[in-house]
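Q: So the sequence lines, in the order shown, correspond to chains Y and C.
Just so you know, we're using my numbering here: the first sequence kicks off at 1 and counts up by one.
Just so you know, we're using my numbering here: the second sequence kicks off at 1 and counts up by one.
Note that these hints are calculated values from the structure, not bench results.
Honestly, I wouldn't trust all of these hints.
Identical copies look the same in the list; a pair holds intra-copy or inter-copy alike.
[Claimed, not checked] Once the Cα atoms are required to be at most 16 Å apart in a straight line, the calculated EDC-like pairs of lysine to aspartate or glutamate come out as:
hint, residue 1, residue 2
1, 53, 163
2, 482, 192
3, 53, 93
4, 426, 476
5, 141, 42
6, 53, 120
7, 317, 229
8, 53, 123
Now for the letters of each chain:
Protein chains: 2
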Amino acid sequence: MKDKTIATTNKTNTTTTTNKKETGITVNKNDDFSGWFSQVVEKAGLADHISAKGFIILKPYGYAIWESIRDILDKKLKETGHSNGFLPCLIPESILNKEEDHFKGFNPEVFWVTHSGNSELNEKLALRPTSEALLYSIFPKWISSYRDLPLRVNFWNTALRAEIKSTKPFIRNSEFLWQEGHTVHASKDEAEDQVLMILDIYKNLIENILSIPTITGYKSNKEKFVGADYTTTLEGMMHDGKALQLGTSHNLGRNFSKPFEIKFLNRENNEEFAWQTSWGISWRLIGAIIMVHADQQGLILPPIIAPIQIIIIPIYKNNNEKIVKENANSLKNKLSQLGYRVFVDERNEYTAGWKYNEWEIKGVPIRINIGQRDIENNTIEIVRRDTKQKQVIPLIQLKENIEKIFGTIQNDLFVNAEKLLKEKTKKVSDYKEFKKTMNNAEGFIICGWCGDEKCEVNIKEETGADIRVLPFVQKELNENLKNCIYCNNKAEKIAIFARAY
Amino acid sequence: MKDKTIATTNKTNTTTTTNKKETGITVNKNDDFSGWFSQVVEKAGLADHISAKGFIILKPYGYAIWESIRDILDKKLKETGHSNGFLPCLIPESILNKEEDHFKGFNPEVFWVTHSGNSELNEKLALRPTSEALLYSIFPKWISSYRDLPLRVNFWNTALRAEIKSTKPFIRNSEFLWQEGHTVHASKDEAEDQVLMILDIYKNLIENILSIPTITGYKSNKEKFVGADYTTTLEGMMHDGKALQLGTSHNLGRNFSKPFEIKFLNRENNEEFAWQTSWGISWRLIGAIIMVHADQQGLILPPIIAPIQIIIIPIYKNNNEKIVKENANSLKNKLSQLGYRVFVDERNEYTAGWKYNEWEIKGVPIRINIGQRDIENNTIEIVRRDTKQKQVIPLIQLKENIEKIFGTIQNDLFVNAEKLLKEKTKKVSDYKEFKKTMNNAEGFIICGWCGDEKCEVNIKEETGADIRVLPFVQKELNENLKNCIYCNNKAEKIAIFARAY
Numbered sequence: 001m002k003d004k005t006i007a008t009t010n011k012t013n014t015t016t017t018t019n020k021k022e023t024g025i026t027v028n029k030n031d032d033f034s035g036w037f038s039q040v041v042e043k044a045g046l047a048d049h050i051s052a053k054g055f056i057i058l059k060p061y062g063y064a065i066w067e068s069i070r071d072i073l074d075k076k077l078k079e080t081g082h083s084n085g086f087l088p089c090l091i092p093e094s095i096l097n098k099e100e101d102h103f104k105g106f107n108p109e110v111f112w113v114t115h116s117g118n119s120e121l122n123e124k125l126a127l128r129p130t131s132e133a134l135l136y137s138i139f140p141k142w143i144s145s146y147r148d149l150p151l152r153v154n155f156w157n158t159a160l161r162a163e164i165k166s167t168k169p170f171i172r173n174s175e176f177l178w179q180e181g182h183t184v185h186a187s188k189d190e191a192e193d194q195v196l197m198i199l200d201i202y203k204n205l206i207e208n209i210l211s212i213p214t215i216t217g218y219k220s221n222k223e224k225f226v227g228a229d230y231t232t233t234l235e236g237m238m239h240d241g242k243a244l245q246l247g248t249s250h251n252l253g254r255n256f257s258k259p260f261e262i263k264f265l266n267r268e269n270n271e272e273f274a275w276q277t278s279w280g281i282s283w284r285l286i287g288a289i290i291m292v293h294a295d296q297q298g299l300i301l302p303p304i305i306a307p308i309q310i311i312i313i314p315i316y317k318n319n320n321e322k323i324v325k326e327n328a329n330s331l332k333n334k335l336s337q338l339g340y341r342v343f344v345d346e347r348n349e350y351t352a353g354w355k356y357n358e359w360e361i362k363g364v365p366i367r368i369n370i371g372q373r374d375i376e377n378n379t380i381e382i383v384r385r386d387t388k389q390k391q392v393i394p395l396i397q398l399k400e401n402i403e404k405i406f407g408t409i410q411n412d413l414f415v416n417a418e419k420l421l422k423e424k425t426k427k428v429s430d431y432k433e434f435k436k437t438m439n440n441a442e443g444f445i446i447c448g449w450c451g452d453e454k455c456e457v458n459i460k461e462e463t464g465a466d467i468r469v470l471p472f473v474q475k476e477l478n479e480n481l482k483n484c485i486y487c488n489n490k491a492e493k494i495a496i497f498a499r500a501y
Numbered sequence: 001m002k003d004k005t006i007a008t009t010n011k012t013n014t015t016t017t018t019n020k021k022e023t024g025i026t027v028n029k030n031d032d033f034s035g036w037f038s039q040v041v042e043k044a045g046l047a048d049h050i051s052a053k054g055f056i057i058l059k060p061y062g063y064a065i066w067e068s069i070r071d072i073l074d075k076k077l078k079e080t081g082h083s084n085g086f087l088p089c090l091i092p093e094s095i096l097n098k099e100e101d102h103f104k105g106f107n108p109e110v111f112w113v114t115h116s117g118n119s120e121l122n123e124k125l126a127l128r129p130t131s132e133a134l135l136y137s138i139f140p141k142w143i144s145s146y147r148d149l150p151l152r153v154n155f156w157n158t159a160l161r162a163e164i165k166s167t168k169p170f171i172r173n174s175e176f177l178w179q180e181g182h183t184v185h186a187s188k189d190e191a192e193d194q195v196l197m198i199l200d201i202y203k204n205l206i207e208n209i210l211s212i213p214t215i216t217g218y219k220s221n222k223e224k225f226v227g228a229d230y231t232t233t234l235e236g237m238m239h240d241g242k243a244l245q246l247g248t249s250h251n252l253g254r255n256f257s258k259p260f261e262i263k264f265l266n267r268e269n270n271e272e273f274a275w276q277t278s279w280g281i282s283w284r285l286i287g288a289i290i291m292v293h294a295d296q297q298g299l300i301l302p303p304i305i306a307p308i309q310i311i312i313i314p315i316y317k318n319n320n321e322k323i324v325k326e327n328a329n330s331l332k333n334k335l336s337q338l339g340y341r342v343f344v345d346e347r348n349e350y351t352a353g354w355k356y357n358e359w360e361i362k363g364v365p366i367r368i369n370i371g372q373r374d375i376e377n378n379t380i381e382i383v384r385r386d387t388k389q390k391q392v393i394p395l396i397q398l399k400e401n402i403e404k405i406f407g408t409i410q411n412d413l414f415v416n417a418e419k420l421l422k423e424k425t426k427k428v429s430d431y432k433e434f435k436k437t438m439n440n441a442e443g444f445i446i447c448g449w450c451g452d453e454k455c456e457v458n459i460k461e462e463t464g465a466d467i468r469v470l471p472f473v474q475k476e477l478n479e480n481l482k483n484c485i486y487c488n489n490k491a492e493k494i495a496i497f498a499r500a501y
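Chain Y extracted, bound-state conformation (with noise of 0.2 Å):
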């Protein structure tokens, strides 16, 4: 039934029109790579804008892929310490001032609440950029010693941020749905560990339940969390070569529990300020599965996340028709009793290859074709929604091949995703060439960087490009890399500069 109301709510594709050309992706993705982003976005039934700028509905289908990698990761975080809670949207100005150096960075885009009804409110209200600081007023009536550390809790809600430049649907978003992570730790070591913990969660959710590679490291000063005293960062590389961050888990240190007076008695009985991180990741993940394994005709959903696993498809005429409807459902039953999320397209009023072309756009990963010579063989056809491979198996196998035909689809997309990224990735050592690379926008540099952020600036400036991450592997430094890509002095770190989303 849920994939009932999934299926239809797709007006775009299922009713008016049946043109297949007309309802399939126009937009050639190597040409135009953001014109064909936003159809996918549209054709496969993701999201709708509404009329304030930068702000996205989820439609049915869209919101699904979020609820999958929500409930993976939430399963995860409650795993490993985590318990959600709910946080208001919005923080007295008071509040948010009280970290100064923090509410700077996001104010130029916070919304203010100024009026309730016709009355002007005491006090202005923001929408919550972050909730760090509407939390961290609250952490000292949880705290007071150590026995009540370490605290870890997670929020599933949104963040708001007034977007002033082109907005991008799940990129870009003046409302966006995403998960906050806050924890309090007693001791230095004990928070660092636990940035490290979840950046490493967040690297097995998106290398192997969304196929995505990632590199992982260190945000330069400039380029980290505002108040953090670092910030580590899953970099992950777009099919046209721009990075984007997926996830970021950032060590406060003590530069919150200091102003909100975040303390703890210790096992001497003295009073310490506690350690802090926070972290998380957002819609973005769908703009990456988008940007990293759609292709031409759409949608490709990994099938651990996909809303819709398995679709089948009854190739049937007026003589036949009941039989290979009954034998389609009873398909059906048989794979969701497996475990599977499986939907039957029935409808009579589109031909087998308007509904073919419908849910290839929709990016389910294997399509089941099941008539009449199907029935009489007990087979069925099988088709890839990545390579479009056909192969026909017997009803017999029916878990092995399945199982056998996701676990390849994972590994293929990720592996295709990750060839790409070394493709696209050079080791770079002389500022022309640097220049030249950026502007063919031809993916990720890695260079030696001297650590100035002067250096940063310039490049920035000057290519368009910024450090996107300093890798925790940094061996390059002792290999050819030694000196800074752009004033020559000897390079501190190794650097990859990309042009970013």
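The hints should help you fit chain C onto chain Y, whose structure is shown.
A: Below, chain C without anything else, positioned relative to chain Y:
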């Protein structure tokens, strides 16, 4: 691990004080119901106030109750053909103005965003008091023919309504967690069936899962949802005799489809306006659980939705700590494998008695004490939270016994609440008696009503009571309540009046 965080974020109870009296509920439930309620919310670790009026934070233990309720309802909604989506929380003023009556109903409570950063917005944005207007401005994009119907979507989000009156956690807040469901249908009959199907789903949730009896029926025209043809409601009685509206399901007729132009082509290819419903429940249900089931010692949670269903307290001395704790944990593992949510309280810094007190406040349905003698006898001691009854059971019948006890608790909670509801519900045919009863705030009054809003308004002014529900079952109309309680004209309806939260 989840339970650990839930258990360690309740500083009030666990760290600052060890005096049983101070950590327990000190306000008498019968003397000061409202003060008692606030203490239960605070000391059970459910929620905290923030500085902005009417806003609360849900602590992990409070949010986990909401998660339980949400997951159960979400599953049921998906099984009955509903899918979830996401809506922004900001609504442009022009959209809100499209259905004037509807908007007027919410206007005094609307929070307005007027600025982002330091810039004034071109158009004011309202924080959603409810999402009809925003969503229905998009529906014409999603619907063109009968094939797109029924459309059934649901949103788990918050609604924002600036509370001017006195606020109360879970009952009256400026932002509250809820779900709002919206459906579109091709026929009036189908919309009516939908309204009643949802009411039935709610009734099942509230009565069978939360153990709270309800009275179902229609709201009067005065009390219905602004913009609806009619509103159906579930009313519950709190322990103090006041009513609480627990959920509503609205038939919107074509009141929104006309201004928002939600049309579809019917099977005869003629254009028609669609029929709509909307419906919701909120975290009020948590407030209801407290006000119906909790006692002088604190919360009492129905087992199905309790975040921790079983608390195990190892009873040990220095010489047997290890073996008792090992046995407690092995019991925990056994119960976890059976699917129960269990936590072992191993903390050495507190006495067993102190722990009993704490988990009683938190309303954990059953406590298992395990000591040396239990280990030797292969037994455990089970204590019910609701009745404090103790029983010793053999380990070998664990599953059967726990299931049976949980079933009994769920049922006993309902039976007790139903008993109170019956005791505090009176049939009244004389207005003097009506006033006397209401002045003593003695519960629900069943009486005849002529159907005139004037009588309804006068009664409200004179007694503080309003029509909570016009019950579906109207049997008293033909029995003995043939006249309006106020004007004495012929009664058109049987109404239930009460003071309400």
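Q: Would you mind marking each hint as holding or not holding in the structure?
A: To see whether the hints hold, each was checked on the structure:
Proximity of residue 53 and residue 163 under a CA criterion of 16 Å is satisfied intra-copy only: 8 Å inside one chain copy versus 28 Å between copies. Proximity of residue 482 and residue 192 under a CA criterion of 16 Å is satisfied in neither setting, with 29 Å inside one chain copy and 74 Å between copies. For the identical chains of this complex, residue 53 and residue 93 are inter-copy neighbours only, at 13 Å across copies versus 24 Å inside a copy, given an alpha-carbon limit of 16 Å. When the C-alpha separation of residue 426 and residue 476 is checked against a cutoff of 16 Å, the pair qualifies only within one copy, where the shortest distance is 12 Å, while the shortest distance between copies is 84 Å.
Taking the shortest alpha-carbon separations for residue 141 and residue 42, only the inter-copy value of 11 Å comes in at or below 16 Å, while the best intra-copy value is 46 Å. Proximity of residue 53 and residue 120 under a CA criterion of 16 Å is satisfied inter-copy only: 14 Å between copies versus 25 Å inside one chain copy. For the homomeric pair residue 317 and residue 229, neither the shortest alpha-carbon distance inside one copy (67 Å) nor that between copies (45 Å) is at most 16 Å. In this homomeric assembly, residue 53 and residue 123 come within 16 Å of each other (Cα to Cα) only across copies, at 11 Å, whereas the closest approach inside a single copy is 26 Å.
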